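Asker: Read off the chains here:
There are 2 protein chains.
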Amino acid sequence: MNNTILLGHGSGGIMTGNLIRNLFLKYFNNPLLEKLSDSSVFSVDGATLAFTTDSYVVDPIFFPGGDIGKLAVCGTVNDLAMSGAKPLYLSSGLILEEGFPLADLETIVSSMSEEAQKAGIQIITGDTKVVKKGQCDKVFINTAGIGILEDRYRHISGGLHIRPGDQLIVNGFLGDHEIAIMAARENLKFEEPVASDVASLHPIVHALLEGGVDIHFMRDLTRGGIASVLDEMAENRDFGVSVSEASLPIRDQTQGLCELYGFDPLYLANEGKMVLVVARESAGPAIEIMHGFETGTHAALIGVITSSKPGMVLLQSRTGGTRIVTRLAGEQLPRIC
Amino acid sequence: MNNTILLGHGSGGIMTGNLIRNLFLKYFNNPLLEKLSDSSVFSVDGATLAFTTDSYVVDPIFFPGGDIGKLAVCGTVNDLAMSGAKPLYLSSGLILEEGFPLADLETIVSSMSEEAQKAGIQIITGDTKVVKKGQCDKVFINTAGIGILEDRYRHISGGLHIRPGDQLIVNGFLGDHEIAIMAARENLKFEEPVASDVASLHPIVHALLEGGVDIHFMRDLTRGGIASVLDEMAENRDFGVSVSEASLPIRDQTQGLCELYGFDPLYLANEGKMVLVVARESAGPAIEIMHGFETGTHAALIGVITSSKPGMVLLQSRTGGTRIVTRLAGEQLPRIC
Numbered sequence: 190m191n192n193t194i195l196l197g198h199g200s201g202g203i204m205t206g207n208l209i210r211n212l213f214l215k216y217f218n219n220p221l222l223e224k225l226s227d228s229s230v231f232s233v234d235g236a237t238l239a240f241t242t243d244s245y246v247v248d249p250i251f252f253p254g255g256d257i258g259k260l261a262v263c264g265t266v267n268d269l270a271m272s273g274a275k276p277l278y279l280s281s282g283l284i285l286e287e288g289f290p291l292a293d294l295e296t297i298v299s300s301m302s303e304e305a306q307k308a309g310i311q312i313i314t315g316d317t318k319v320v321k322k323g324q325c326d327k328v329f330i331n332t333a334g335i336g337i338l339e340d341r342y343r344h345i346s347g348g349l350h351i352r353p354g355d356q357l358i359v360n361g362f363l364g365d366h367e368i369a370i371m372a373a374r375e376n377l378k379f380e381e382p383v384a385s386d387v388a389s390l391h392p393i394v395h396a397l398l399e400g401g402v403d404i405h406f407m408r409d410l411t412r413g414g415i416a417s418v419l420d421e422m423a424e425n426r427d428f429g430v431s432v433s434e435a436s437l438p439i440r441d442q443t444q445g446l447c448e449l450y451g452f453d454p455l456y457l458a459n460e461g462k463m464v465l466v467v468a469r470e471s472a473g474p475a476i477e478i479m480h481g482f483e484t485g486t487h488a489a490l491i492g493v494i495t496s497s498k499p500g501m502v503l504l505q506s507r508t509g510g511t512r513i514v515t516r517l518a519g520e521q522l523p524r525i526c
Numbered sequence: 190m191n192n193t194i195l196l197g198h199g200s201g202g203i204m205t206g207n208l209i210r211n212l213f214l215k216y217f218n219n220p221l222l223e224k225l226s227d228s229s230v231f232s233v234d235g236a237t238l239a240f241t242t243d244s245y246v247v248d249p250i251f252f253p254g255g256d257i258g259k260l261a262v263c264g265t266v267n268d269l270a271m272s273g274a275k276p277l278y279l280s281s282g283l284i285l286e287e288g289f290p291l292a293d294l295e296t297i298v299s300s301m302s303e304e305a306q307k308a309g310i311q312i313i314t315g316d317t318k319v320v321k322k323g324q325c326d327k328v329f330i331n332t333a334g335i336g337i338l339e340d341r342y343r344h345i346s347g348g349l350h351i352r353p354g355d356q357l358i359v360n361g362f363l364g365d366h367e368i369a370i371m372a373a374r375e376n377l378k379f380e381e382p383v384a385s386d387v388a389s390l391h392p393i394v395h396a397l398l399e400g401g402v403d404i405h406f407m408r409d410l411t412r413g414g415i416a417s418v419l420d421e422m423a424e425n426r427d428f429g430v431s432v433s434e435a436s437l438p439i440r441d442q443t444q445g446l447c448e449l450y451g452f453d454p455l456y457l458a459n460e461g462k463m464v465l466v467v468a469r470e471s472a473g474p475a476i477e478i479m480h481g482f483e484t485g486t487h488a489a490l491i492g493v494i495t496s497s498k499p500g501m502v503l504l505q506s507r508t509g510g511t512r513i514v515t516r517l518a519g520e521q522l523p524r525i526c
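Those protein sequences? They're chains A and B, same order as listed.
To convert, take the position in the first sequence, counting from 1, and add 189; that gives our numbering.
To convert, take the position in the second sequence, counting from 1, and add 189; that gives our numbering.
In case anyone wonders, no lab produced these hints; they're calculated from the structure.
Take every hint as true, because none was put in to throw you off.
Since copy identity is lost for identical chains, a pair holds within one copy or between any two.
As a list, the in silico SDA-like pairs of lysine to any residue whose alpha-carbon atoms are at most 25 Å apart:
1. K327 x E303
2. K322 x E286
3. K321 x I203
4. K307 x L222
5. K275 x N218
6. K224 x S431
7. K215 x Q306
8. K224 x E339
9. K327 x P249
Please read these numbers as outputs of a predicted model, since none were measured by experiment.
Bound-form chain A, shown alone (with noise of 0.2 Å):
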């Protein structure tokens, strides 16, 4: 069991940090990846620079709120986005399966040219590999993206600025891609059909920082969850992270979904929503610019940065209780993005 890769290993909680640290750090090593941000920064030539990846296999390919074309183009603008850096260039590398219908990889094409120009990027380069039946499921896709960062914007990737008395916002409902990933393969019926959030956040984070909000810290709640985000910004650091559960925006149909299923909300993927940490005077201009958003018409103060309990987040129960919040064990649900 333990020689060999297991799904738990692309969760994005503690074995693939595991992973990550024990294998990738050790071989690959270099101080801008030892910084384990979504996006690596780096200066050339004058230039500031913001460099990231993400391969795409979620499965299935087409589900409510988007696919997996979409989900390639605003994933990796988010880990751009989320670094501080105006997204520029993209890059695309599909691997297809023999005999995918050219009509779905027309959907998908389209999707990403969609999202693209949302986001205002150009896909300037590609590849495309075909692999023979049943050597791959349909079609992944590896985006790999550019942007340019402000040098005022580049502490934020590091968290540098993150100080106790920092305000934490979340920009709506946590878990809708999961959800709807799960309501897609296990096809459950809800009444009222939870669409996964896949979306650019480039445009509300451009709002942010334009708007003059002193953001500390930005990162976008994918694999592993808000849990996973929170608990690797606070690991080996001086401050700690106090969240109130219930001022975490959570649907009826998440909760009960979770309730039935045996999930914890807290670990549940989304692809269109992140964390903020903001100094405390800038928490409400904030909230009031992201609510002029459709990708923030929820969000909402969701805890604080403190001094006591240093390296550790905790969670405020609804029933007055204080459990700490640790990153993901295993794998919850595979091949979510």
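Mind docking chain B on chain A? Use the hints.
Answerer: Here is chain B on its own, set in the frame of chain A:
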């Protein structure tokens, strides 16, 4: 048949070209992509950069001369080098099959690291996905690369300076990669085994540029072989290409296997070979420099740019005849890279 993806769509030949034109260019319509260079070149904040991507699905993943990890680094480094850029940074996107041996993954990651060091680049961002057993074949790797380009080399990737009288050079034996993969797959035995030529071409290109060789065009020879590269290079241009069959460096084993299987060496895949178009007076110095490298020991003049037969590639055969060289029509060997 016509409305699904076929193996030939991934061949690097005519079907790949049609897919790019009819689908990708239709939707991802932008001037940078339209150039269809191996790397896309753009300027940002005064820096001129090259950006490229490739996915690697080679089967078997370990083969004489290398493995999928070495291939994934060299291939993308070479795409950058061919534009005249100095490769700087790579991303690494892995898709792993559940149950893949961790020891094999370590070997692959170690190869990637070793090749990155040889090429003087850093792998600064990555992503790992795991899919269920049977949903991909062992491991697929995507790498995207960023390089920096001096303005004086900016003409190279578009072949803007190519003119009649320019000399064509290849850096060694054609087809080693395809022969090695085929032999590994079919369990063929040679008296003198052929290893894949997979190698980073950045060092030799760097020496050529630093040595003042007036390079008008470079392209690495991968899927589709030298035929496809020359054909693409000449397409819609006001020059022709004349290649002498007798001057092409081809191993006896390769020639023999081609005769046995009915393959044409012009279409064999390589992973450490390039064609170089240089000003006439640079041909001698170029070959001299190349002979100083392991990757250039068998460098040879193979042809010339002509003012006659514009847009066409002609092969002067050993027997005195002439034939038109077209692009690969179907697919020769799937999952070659």
